[in-house]
Amino acid sequence: MTEDLSPAERYAASRIRAAEEATALHPFRAMYDFELDPFQIEACKALEAGKGVLVAAPTGSGKTIVGEFAVHLALAQGGKCFYTTPIKALSNQKYQDLARRYGADKVGLLTGDNSVNSDAPVVVMTTEVLRNMLYAGSQSLLGLAYVVMDEVHYLSDRFRGAVWEEVIIHLPESVTLVSLSATVSNAEEFGDWLDTVRGDTEVIVSEHRPVPLWQHVLAGRKMYDLFEESDDGRGGRREVNPDLLKMARMENQTTYNPRDRRRGKMVREADRERERRSRTRIWTPSRAEVIERLDSEGLLPAITFIFSRAGCEAAVQQCLYAGLRLNDDDARQQVREIVEERTASIPGEDLHVLGYYEWLEGLERGIAAHHAGMLPTFKEVVEELFVRGLVKAVFATETLALGINMPARSVVLEKLVKWNGEQHADITPGEYTQLTGRAGRRGIDVEGHAAVLWQRGMDPSALAGLAGTRTYPLRSSFKPSYNMAVNLVQQFGRHRSRELLETSFAQFQADKSVVGISKQVQKNEEGLEGYQQGMTCHLGNFEEYAALRRDLKDRETDLAKQGANQRRVAAADSLEKLRIGDVIHVPTGKFAGLALVLDPGVPAGRTNGHRGFEHHDGPRPLVLTAERQVKRLAQIDFPVPVEALDRMRIPKSFNPRSPQSRRDLASQLRSKAGHIVPDRQRKGRAAAADDREIARLRTEIRAHPCHGCDEREDHARWAERYYRLKRDTRQLENRIEGRTNTIARTFDRIYALLTELDYLRGDAATEHGKRLARLYGELDLLASECLRDGVWEGLSPAELAACVSALVYEARQSDDAVAPKVPGGAAKAALGEMVRIWGRLDALEEDHKINQAEGVGQREPDLGFAWAVFMWASGKGLDEVLREAEMPAGDFVRWCKQVIDVLGQVAAAAPREGSTVAKNARRAVDAVLRGVVAYSSVG
1 MTEDLSPAER YAASRIRAAE EATALHPFRA MYDFELDPFQ IEACKALEAG KGVLVAAPTG
61 SGKTIVGEFA VHLALAQGGK CFYTTPIKAL SNQKYQDLAR RYGADKVGLL TGDNSVNSDA
121 PVVVMTTEVL RNMLYAGSQS LLGLAYVVMD EVHYLSDRFR GAVWEEVIIH LPESVTLVSL
181 SATVSNAEEF GDWLDTVRGD TEVIVSEHRP VPLWQHVLAG RKMYDLFEES DDGRGGRREV
241 NPDLLKMARM ENQTTYNPRD RRRGKMVREA DRERERRSRT RIWTPSRAEV IERLDSEGLL
301 PAITFIFSRA GCEAAVQQCL YAGLRLNDDD ARQQVREIVE ERTASIPGED LHVLGYYEWL
361 EGLERGIAAH HAGMLPTFKE VVEELFVRGL VKAVFATETL ALGINMPARS VVLEKLVKWN
421 GEQHADITPG EYTQLTGRAG RRGIDVEGHA AVLWQRGMDP SALAGLAGTR TYPLRSSFKP
481 SYNMAVNLVQ QFGRHRSREL LETSFAQFQA DKSVVGISKQ VQKNEEGLEG YQQGMTCHLG
541 NFEEYAALRR DLKDRETDLA KQGANQRRVA AADSLEKLRI GDVIHVPTGK FAGLALVLDP
601 GVPAGRTNGH RGFEHHDGPR PLVLTAERQV KRLAQIDFPV PVEALDRMRI PKSFNPRSPQ
661 SRRDLASQLR SKAGHIVPDR QRKGRAAAAD DREIARLRTE IRAHPCHGCD EREDHARWAE
721 RYYRLKRDTR QLENRIEGRT NTIARTFDRI YALLTELDYL RGDAATEHGK RLARLYGELD
781 LLASECLRDG VWEGLSPAEL AACVSALVYE ARQSDDAVAP KVPGGAAKAA LGEMVRIWGR
841 LDALEEDHKI NQAEGVGQRE PDLGFAWAVF MWASGKGLDE VLREAEMPAG DFVRWCKQVI
901 DVLGQVAAAA PREGSTVAKN ARRAVDAVLR GVVAYSSVG
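Take 1 as the starting number for the sequence shown in the working numbering and just add one per residue.
Keep in mind the hints are simulated off the structure, nothing from the lab. Hints are not guaranteed to be accurate.
[Unchecked claim] Think about it this way: if two alpha-carbon atoms lie no more than 30 Å apart in a straight line, the pair counts; the simulated DSSO-like pairs of lysine-lysine are:
| # | residue 1 | residue 2 |
| --- | --- | --- |
| 1 | K770 | K726 |
| 2 | K418 | K246 |
| 3 | K672 | K631 |
| 4 | K590 | K672 |
| 5 | K523 | K726 |
| 6 | K561 | K577 |
| 7 | K246 | K415 |
| 8 | K222 | K246 |
| 9 | K631 | K577 |
| 10 | K770 | K919 |
| 11 | K821 | K876 |
| 12 | K770 | K876 |
| 13 | K45 | K106 |
| 14 | K919 | K821 |
| 15 | K51 | K512 |
| 16 | K577 | K672 |
| 17 | K631 | K590 |
| 18 | K849 | K876 |
| 19 | K577 | K590 |
| 20 | K652 | K577 |
| 21 | K726 | K519 |
| 22 | K652 | K631 |
[Said to hold, decoys possible] Pair ranges (Cβ atoms, derived):
| # | residue 1 | residue 2 | range |
| --- | --- | --- | --- |
| 23 | G589 | D225 | 53 to 59 Å |
| 24 | S118 | A322 | 48 to 54 Å |
| 25 | K821 | I338 | 38 to 44 Å |
Quantities reported herein were computed from a predicted structural model and do not represent experimental measurements. Just so it is clear, CB atoms sit at the ideal spot from N, CA and C, and this is done for glycine as well.
Generate coordinates for the entire structure from the input sequences, incorporating the hints supplied.
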């Protein structure tokens, strides 16, 4: 090629090559045995040019290469780079990757559990650790040149997202920020905000998957493509597979309908046989069948996402019972050696409790579960074996999709519905993209495969919509907290803190939405001018006349409502007077006519139901109608008061479920009262007829000059449009007012509460405030108040651990019916006092309009883990503790790690003199950090 170039062109090309070789990117590219993608090169060049970057690309596309280039630049320039991740497991993984590439002496690790070489030029850490360093003014920040924020889309997480924004806002201006995100639909908006708060930021978006993804549906014995390519002359278009649409229609037609009866029998045998035959081709394959199918197609290793921990464990057992073996003898031997090496530190008596032998059997066959309830060590082993190809089928909950580097050839989704903590909800396009993004290993697989299992009632078009929506919007979850407010005020003062909070992405998004509403307000105001001209009258001020007419209409409506309310109250009162055996006449509704009261119904107000107090709209009498129907009536059936026409005795043998009993009693009802004609309700004089205000308004309307205008009703129509648009405009203006300065207003309320409690005075933090500044977590203020009031003084280490657990633990499913078991003695008294303090803080938050529903404030402490951690800190064995706690080992370890984290904060924040809390908090850490908790490196 170069021979064809002219000398001038060859010279220009050599100049370009020389310039490229002089960049830091040139030696960096040589470190990899594959060519970088265009988006990676573009981002790296922007970084080298001194710009910040936001890289939004699909899972598995290699966006971490850009983060690694920031590490390379920092080392080349003699500066520091902090690489932050959202979870400890990711931090551990990234630390190992970077230590292998650059040497263990140049890379450190800082998580809540581990501190390795923390003074190294490159430190991997969780985002919370960096936030805490920024607030503490750590010396480690000196010389910091780059910060990589991996998985930055976590800032939309409603529990932890605020930490990402805190870091982005508070990082020194000299630090270059590298933000790595999944593909989000508003990357440009997020980039605009980064540009505002961090300076020049390049936004690089790539929706290209390096490994193509094929979408399938597994039904019966077949794997169907979800899409089929159609060439319509415009370059090809993806259509939903017609075979899937036909199957869905066929299933809807052949599904048994219980109403379809023939002479009291079920559907004819011929129909049932036809249905069976159609179903032989359409069924949901079992978990073992799915793995066998993928194995035969050469599509393993695979991750099957099951949105249930128990479901993941059951899936492994089902595959074992089905006799599945995915490993040969050599692989089985390798698995055993790796597992025994990784678990050598676990005592033998604990292995049995942890289900080690059943777990090992699955691993040797190449099958495993992966979920948060597993022991962290077990999860790490599964991840290592999967990456090595020694585990080929993993059944996992969706937590696996969040960052851990475990790519597979195939991903299977059992269902498209999951429990979101409150209800069963359809998974979102963003969740679908995140889950299926695991399919296809770069450099290994030519293509990835995502399969969804056929389920009854599946809509292939809806699935295609999920699969076709590649992105989802990034929404800020930023909210000020007590700890944040104290840290900001003591560093910057109140005014500057308020300004800083107004630079958050949350406020940026709110302000941006206000722009659209403001434009609508302007359009409305132009429309109001036009309407005002339309209602101009030559005889007088029509706006004044229209106001009188509107006041009259409002007054008449109010009086009509009052009358309706009075009738409703009278009807409810009359229903409360009904007794069993009263014969009544139901005035309206489906069951109008003669009826016998079987049960007067519950009284209006509150009654004690199976969930505590329940509200009722009013009495709901159970009646037998003259047509032999037993029905529970509502207040809507009685627009007017009802009176008993007569009384009847109801036999003790009467059974409302027996048709014969109903028939006999209805016959007696008709005989007893069928001849009675109910009194017709006389309509009373309307309240409006005697209302002085209405009389005055009518007089003024008749006396107004505009009343005699020939075009009065035309003017009135314009006036009606004017007032309707004016009302809409006022509502829009209220929305603008509500969205502007929302974060700052919340900060003002928090500041006022902290001032009242003597944590803040003006622009300074008091001694109590400085203590609060060292306490991070949902219940930071409650922890600080407990230290202030000496609630934990004199507690033993185990008792203190039990009390601190109430600050971190949250039950996965609330069970209000059963009071949690708690330690007795001093611990029980301290836990009770903690709940009382929370009640006081809750009332104070209500006074200051601090709303927990908006993610601000202190939730009630949960005592559900107190007994388990007390037993563990007291030296009890794992078997006994897990049996008492009724909790999986992984959950137990995770909660213990969080208790240890807060105990460390308490030890740092507690008074040094005249207090036992700091010393006992450190002892409590030692007491909890043992056994399974100590040898689990990932929290």
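How the hints compare with the structure:
no. : hint                    : in the structure
1   : K770 x K726             : violated, 50 Å
2   : K418 x K246             : holds, 27 Å
3   : K672 x K631             : holds, 20 Å
4   : K590 x K672             : holds, 22 Å
5   : K523 x K726             : holds, 12 Å
6   : K561 x K577             : holds, 25 Å
7   : K246 x K415             : holds, 20 Å
8   : K222 x K246             : holds, 15 Å
9   : K631 x K577             : holds, 19 Å
10  : K770 x K919             : holds, 19 Å
11  : K821 x K876             : holds, 16 Å
12  : K770 x K876             : violated, 37 Å
13  : K45 x K106              : holds, 24 Å
14  : K919 x K821             : holds, 26 Å
15  : K51 x K512              : holds, 24 Å
16  : K577 x K672             : holds, 21 Å
17  : K631 x K590             : holds, 10 Å
18  : K849 x K876             : violated, 45 Å
19  : K577 x K590             : holds, 23 Å
20  : K652 x K577             : holds, 22 Å
21  : K726 x K519             : holds, 15 Å
22  : K652 x K631             : holds, 19 Å
23  : G589 x D225: 53 to 59 Å : holds, 54 Å
24  : S118 x A322: 48 to 54 Å : holds, 49 Å
25  : K821 x I338: 38 to 44 Å : holds, 39 Å
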